[in-house]
Structure formats: structure tokens, C-alpha cells
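4 protein chains.
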Amino acid sequence: MKYTTKSITVRYGETDQMRFVHHSNYFKYFELARLEWLSKMNISYAQMEKEGILMPVVKASIIYKTPLFFGDTFRVVVTLNRVPKATLEFSYQIINQNNKIICTGNTVLAFLSQKKKLPMRCPNFLLEKFN
Amino acid sequence: MKYTTKSITVRYGETDQMRFVHHSNYFKYFELARLEWLSKMNISYAQMEKEGILMPVVKASIIYKTPLFFGDTFRVVVTLNRVPKATLEFSYQIINQNNKIICTGNTVLAFLSQKKKLPMRCPNFLLEKFN
Amino acid sequence: MKYTTKSITVRYGETDQMRFVHHSNYFKYFELARLEWLSKMNISYAQMEKEGILMPVVKASIIYKTPLFFGDTFRVVVTLNRVPKATLEFSYQIINQNNKIICTGNTVLAFLSQKKKLPMRCPNFLLEKFN
Amino acid sequence: MKYTTKSITVRYGETDQMRFVHHSNYFKYFELARLEWLSKMNISYAQMEKEGILMPVVKASIIYKTPLFFGDTFRVVVTLNRVPKATLEFSYQIINQNNKIICTGNTVLAFLSQKKKLPMRCPNFLLEKFN
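Chains as they are written, first to last, in my numbering: chain A, -8 to 122; chain B, -8 to 122; chain C, -8 to 122; chain D, -8 to 122.
Hints may contain errors.
[Said to hold, decoys possible] Residues from chain A that keep clear of chain C, each with C-beta distances beyond 10 Å, as calculated:
| # | residue |
| --- | --- |
| 1 | 3 |
| 2 | 19 |
| 3 | 23 |
| 4 | 26 |
| 5 | 72 |
| 6 | 75 |
| 7 | 78 |
| 8 | 84 |
| 9 | 87 |
| 10 | 105 |
| 11 | 109 |
| 12 | 114 |
| 13 | 118 |
[Stated by the list, open to error] Here are the simulated distance ranges between beta carbons:
| # | chain 1 | residue 1 | chain 2 | residue 2 | range |
| --- | --- | --- | --- | --- | --- |
| 14 | D | 72 | C | 122 | 57 to 67 Å |
| 15 | D | 114 | B | 86 | 11 to 21 Å |
| 16 | D | 57 | B | 68 | 47 to 57 Å |
| 17 | B | 68 | A | 115 | 39 to 49 Å |
| 18 | B | -3 | D | 121 | 52 to 62 Å |
| 19 | D | 72 | C | 72 | 30 to 40 Å |
| 20 | B | 64 | D | 42 | 19 to 29 Å |
| 21 | A | 38 | D | 57 | 24 to 34 Å |
| 22 | C | 86 | D | 121 | 53 to 63 Å |
| 23 | B | 82 | A | 38 | 21 to 31 Å |
| 24 | A | 73 | C | 116 | 39 to 49 Å |
| 25 | D | 34 | A | 86 | 28 to 38 Å |
Read the hints as simulated data drawn from the structure, not as lab findings.
From the three backbone atoms N, C-alpha and C, an ideal C-beta is built for every residue, glycine too.
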């Protein structure tokens, strides 16, 4: 289970005065990658939220190898590590226009019932998509 | 009707590669100033939202005079321009540690009923606070 | 002088708890639109910065008509208002997937010599491109 | 070696439509905590950068236990894990107004010579401060 995003251009406002992308922004790139993937699988996360299912990040980690600069373009490769039960585990690679690996990372997402404010199992329609 | 925030330190991640604060962040400083003010007047905006009253920004403008740098400290002076009816008009001045004016700005906020998705008049409890 | 960006998808992290895009982010959309335009005209702003020419925003304004939501796609239409001398004036329209106007705005950018920390005139190579 | 920041209020724009702080922002809180600490030790990171020493994050991880909401106040407890050689290792705890642990995390920072674009050892003046 693997997906590669379309090419994304680094935005000016994503840099900081170190002159490359602020380290917190890579987690936003991971996020858009996994949501773009869900969307490609006809899973609308927006719709899931309307039905009261939230998917908060409960764990995240990243190793930075080399920076992304303003104007660079990159792709995110997302992998679903295992078929979800209570959590979804994704791993990520960001690769720039020269096929250089920028960083690798990992996030664990939980399922949360908005009403009950309690963790819940992975909804069946998601399990089916992933199997 | 005027309020001055406590001193705020510029955060590293608020800069961009121009080596000063990204221009969009000043609107976040304006926002925290008006919310800090409401809070000091015992108006909880968080509570207002729970009761279904949103206050979206419908208009904003800013003139930048000189930049804020990482490590600078600043205060925001907020003024309520007139007693609200359908909208709240605030003006702002950001002033750094040397009493230099960094920028001046203006925002207009509307009242929105979250349920009806429709504009509404300024709630009475707010009018009373402002009078 | 007018340019329309390619279609852009609203990112999750660009929303706030009002459940639509935070008002400060539209200025980032304006920014990426004018930089995408420059890039299409073979003007590399990254290169300009390396040569010590900065283009800070000195004035900005916006009128919000209706919000952008997570998952919406939009285009930014940028117009250069007049041939630049000391400043560049752009105006903007953001238009969503249903051709609804989301907001209109305006920014004025100056030219700044990084070395001298002083305003400068519009560089000739830019003037030529714009004429 | 341990430091606790002063109390910080969650800003509205730091939330997303999940109605609590976006997961990427906690890394910004970690950042301001370690920089506030350096500043308290009379180490100006702004000055270090002017002298060409950058401290990029090369590794980061976080475990989220419970969310921070708009209006919450929190402190960050930072610990320096060991006396630095080539890298600085900090660990973090964010604790809210009710002494609840919000999240724990870890970052590794390297030293980078801006001129040579190469890793460097921890500067002596920093080692002395930490010993």
C-alpha cells in the first residue's frame, strides 16, 4: 500500500530565516500526502469529519537529511504500514526534483468519536478500502 | 476604547527567509490582541463559539513601516473604532521594544450564527460590555 | 497584465476551529500566486534574492466574501495594476471550484537592497519583462 | 539541566478544524522553549546566526496524549539530555493549566557552518555554558 503525491512546490512563507523550510512544515506535507491519498481512494476525510469521525495524530517522528528550499519541488511517498485496527500507521519519504531524499518520517493516527470524545475502532468502510 | 497587550516575543518560526517576520503573521498578532482584550473584559470568545456565535474577519488591511525581527518584543495597541451593530471595527498599532511603530492595521469582524450560517447582530451582552 | 494560477487544494492545516481557512492564509495564497506568475515569466525570485534584491510587502488589504473550506480547490487571478517604479501593485481574486469569488485583495511590494537595507527602484530586467 | 518556560496562551490561529491545536504547532512550542532557555542563559541564538552558526533540527519525535485547546495556557519543560558534542539533544513535556501532560517529545539539533554549509562541532562558548 503505497502512494506518491503529485509534485508540490515549496512556498515562500514555508521558509524561515535559516533560509530553508521550517522543520514543522514537513508534518504538514505528510498530512496533505495522506489526505490526497485518501481522496484518490474516494475516501473523503471532510465527509468522515461531518459524520463525527476524527483522525488525530497521536505519534509522529521525522529524520531530516537535507533541507528543502524555496522554489524546490517535491513529492511525498506515503506507505500504510499495516492494516489498521485502532490506529493507522503511515510512513513517509519526501523526495525533491533531483530524486534526493529530503526526510523520512512516521505518523500514527487514531480514530476519535467527536460526540463521545472517545477513541473508536477503524470504521468498516475504511477497512474494506484498505483490504 | 483602547487596549495594549502585554509584551510578546517574536518566535523563530514566524520569520521567513527575508530574515524578518512573514507579512501574514501580523494578522495573527492583531487577532491575539483583540482576543486578549475580550478576555480581559471577561468575554470568552471560546464560550461565544460554543454558543454558536462566530466572529469571522470580513475585511482587513495593513501598512508595514519597518520589520519585526526574531527576538524582538512588541506590544499591540488595539482600538475599537465604534460601538458595534452588525460589525466590529478594530484598528491596531504594533510597537516594538524601542517604541518604534512597526505597522498599523484595521480589521472588520462580522457576527455569524453557526447554526443558520447567517450574519447576525452584535449580541446584547457584548454591546453592554462595550458601552 | 493578468495571470491565473493552476488549481490549488486547501490544506487541512490551513483551517482553524471556525472550520474554514484562517484569514491570514489568504495572504499566503496571494504570495504564491504572484511568485508563480514571476516564475512563469522566467523571473526567479529566488535568484533575485541571491543577488540581494528583496521584495517585501509594504501594504496589503483584503475583503472576504465567503470562506474556503478544507478540500475546496481554488485559483488566484493576479493583476499587475501599473508598470512599476518604486513599488509593484498587484490585485487578486480568489475563485473556488464553483466559480464563486471567495475574496479580493491588493498588495503593494517595495524593492529593497539587502546590503544597503535601503529601498531601491525596480530593477531594469523586471521593467523590461513587464513592458 | 532543565528549564520551564513562562506560561503561554494557545492562539486562535494555532487550532485547526478538529477544534484543537494542529499537531505541527507543538514543534513550534518546543522551539520557542529551547530558544527562551538559551536566551535566559545569555546565549543569543540571533547573534549565533549572525556569526554564521546555524542550529537546524535533524531529528524530532512527539507523543500526543491529550489536546491543547484555544485559550488553554501551558508551560514547556525542556531538558538537555547530555552535554553536546556534534549535536544537542533536548526532550520536552508540555503541561497545561491543570498540570495535565499534553505531550512529550524529543529533538536533536546539529551545528551547521553557514559559510561552509558543513556540520561543525558545538562551539566552545556553548559547551562552557552547559558545563
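For residue 23/A, is the shortest CB-to-CB distance to chain C above 10 Å, so the non-interface label stands? violated (5 Å)
Outside-interface status for residue 84/A - nearest CB in chain C farther than 10 Å: holds (19 Å)
Determine whether the non-interface label on residue 87/A survives the test: each CB of chain C must be over 10 Å from its CB. holds (14 Å)
Residue 34/D paired with residue 86/A, Cβ distance criterion 28 to 38 Å: Holds - the Cβ-Cβ distance for residue 34/D and residue 86/A, about 36 Å, lies within 28 to 38 Å.
Residue 64/B paired with residue 42/D, Cβ distance criterion 19 to 29 Å: holds (22 Å)
Quick check on a hinted range of 11 to 21 Å for residue 114/D and residue 86/B, using CB atoms only. Distance hint for residue 114/D, residue 86/B is violated at roughly 34 Å.
In this structure, is the beta-carbon distance linking residue 72/D and residue 72/C contained in 30 to 40 Å? violated (55 Å)
Looking only at beta-carbon atoms, does the pair residue 73/A, residue 116/C fall within the given range of 39 to 49 Å? Violated, at about 54 Å.
Status of the stated non-contact between residue 109/A and chain C (beta carbon gap over 10 Å): holds (20 Å)
For the pair residue 57/D and residue 68/B, does the Cβ-Cβ distance stay inside 47 to 57 Å? Given about 36 Å between the Cβ atoms, the range is violated.
Separation of residue 114/A from chain C, once the least beta-carbon distance is taken, above 10 Å: At about 19 Å from chain C, residue 114/A clears the 10 Å cut-off, so the statement holds.
I want to verify a distance hint. Is the separation of the beta carbons of residue 82/B and residue 38/A within 21 to 31 Å? 41 Å Cβ-Cβ, so the 21 to 31 Å window is violated.
Hints 1, 2, 3, 4, 15, 16, 17, 18, 19, 23 and 24 from the earlier list are contradicted by this structure; the remaining hints agree with it.
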